[in-house]
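Novice: Position 80 of the sequence shown, counted from 1, bears residue number 80 in full-length UniProt numbering, the numbering being contiguous throughout.
No lab work stands behind these hints, which were simulated from the structure alone.
Take the hints with a grain of salt, since some may be wrong.
[To be verified] Okay, the calculated beta carbon distance ranges per label pair:
hint : residue 1 : residue 2 : range
1    : 3         : 39        : 23 to 31 Å
2    : 18        : 93        : 20 to 28 Å
3    : 125       : 30        : 38 to 46 Å
4    : 4         : 140       : 21 to 29 Å
5    : 29        : 116       : 32 to 40 Å
6    : 132       : 6         : 37 to 45 Å
7    : 105       : 39        : 14 to 22 Å
8    : 84        : 142       : 15 to 23 Å
9    : 2         : 98        : 19 to 27 Å
10   : 116       : 2         : 31 to 39 Å
11   : 22        : 114       : 34 to 42 Å
12   : 65        : 131       : 19 to 27 Å
13   : 26        : 5         : 13 to 21 Å
14   : 5         : 25        : 29 to 37 Å
[As the list claims (entries may be wrong)] In silico DMTMM-like pairs for lysine to aspartate or glutamate, Cα to Cα no more than 25 Å straight-line:
hint : residue 1 : residue 2
15   : 105       : 125
16   : 105       : 57
17   : 105       : 71
18   : 105       : 37
19   : 105       : 65
For glycine and all other residues, C-beta sits at the position ideal for the given N, C-alpha and C.
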Amino acid sequence: MTELDEYGRSALHYAALDGDLTDVERLLASEEVNFPDSAGWTPLHFAASRGRPDVVERLLDAGADIDALTERGMPAIYWAAVAPTGDPVQTIRILRARGADPTRKTMTDKYGYFPPRSPLDHIADPNAKGNPAIVAEFADLLDE
Numbered sequence: 001m002t003e004l005d006e007y008g009r010s011a012l013h014y015a016a017l018d019g020d021l022t023d024v025e026r027l028l029a030s031e032e033v034n035f036p037d038s039a040g041w042t043p044l045h046f047a048a049s050r051g052r053p054d055v056v057e058r059l060l061d062a063g064a065d066i067d068a069l070t071e072r073g074m075p076a077i078y079w080a081a082v083a084p085t086g087d088p089v090q091t092i093r094i095l096r097a098r099g100a101d102p103t104r105k106t107m108t109d110k111y112g113y114f115p116p117r118s119p120l121d122h123i124a125d126p127n128a129k130g131n132p133a134i135v136a137e138f139a140d141l142l143d144e
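Required output: the full structure, derived from the provided sequences and hints.
Specialist: This is how it looks when you write it as structure tokens:
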């Protein structure tokens, strides 16, 4: 049985978050690749949120669900589009090539403060001041 911390996260969640491909490889032999933490985050969400394309690709190869949603309804590509670190552009390329839908809307938060948004909505928002390289990755969809 996999040990979990107080957030329901396993060592695989943290290896994905840290971008530690060696640990990810080792842990995939004993941990469930799609196991969500208490907020619905899978290791894929963590790797995408840190712009870790090598880890994202390995998790997908191991069967990670590209369409898995956090409890707020956010898929991994949403987190890649807002990733402040790593290589979000390459992460987005991998996710899109594997079939991630950048137009998929998130759910409204449980308090109703924020309307549903897709990664595309976020990067097209002039107030978001997004990374121009990330915006360019979605140019084919922004022109529609």
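Novice: At the C-beta level, are residue 18 and residue 93 separated by a distance inside 20 to 28 Å?
Specialist: This hint holds: roughly 22 Å between Cβ atoms.
Novice: Could you say whether the range 34 to 42 Å given as a hint is met by the Cβ separation of residue 22 and residue 114?
Specialist: holds (37 Å)
Novice: If I claimed the Cβ atoms of residue 65 and residue 131 lie 19 to 27 Å apart, would that claim hold in this structure?
Specialist: Since residue 65 and residue 131 have Cβ atoms about 26 Å apart, the given range 19 to 27 Å holds.
Novice: Decide if the proposed pair is consistent with the structure: residue 105 and residue 37, CA atoms, cutoff 25 Å inclusive.
Specialist: holds (21 Å)
Novice: Between residue 105 and residue 125, does the CA-CA distance stay at or below 25 Å?
Specialist: Within the cut-off at roughly 14 Å; holds.
Novice: Verify the proposed pairing of residue 105 with residue 57, using a straight-line Cα cut of 25 Å.
Specialist: Cα-Cα ~23 Å, so holds.
Novice: Are the Cα atoms of residue 105 and residue 65 separated by 25 Å or less?
Specialist: holds (17 Å)
Novice: Given the hint of 14 to 22 Å, check if residue 105 and residue 39 actually sit that far apart at their C-beta atoms.
Specialist: Since the Cβ atoms of residue 105 and residue 39 sit about 19 Å apart, the hinted range of 14 to 22 Å holds.
Novice: Could you see if the CB distance from residue 132 to residue 6 stays within 37 to 45 Å?
Specialist: holds (39 Å)
Novice: Does the Cβ pair residue 4, residue 140 satisfy 21 to 29 Å?
Specialist: Because 40 Å falls outside the window, the suggested range is violated.
Novice: Determine whether the Cβ-Cβ distance between residue 26 and residue 5 falls within the hinted range of 13 to 21 Å.
Specialist: holds (18 Å)
Novice: Within 15 to 23 Å or not, the Cβ separation of residue 84 and residue 142?
Specialist: At roughly 21 Å between Cβ atoms, residue 142 and residue 84 fall inside 15 to 23 Å, so the hint holds.
In terms of the numbered hints stated before, the structure departs from hints 1, 4 and 14, listed from lowest to highest.
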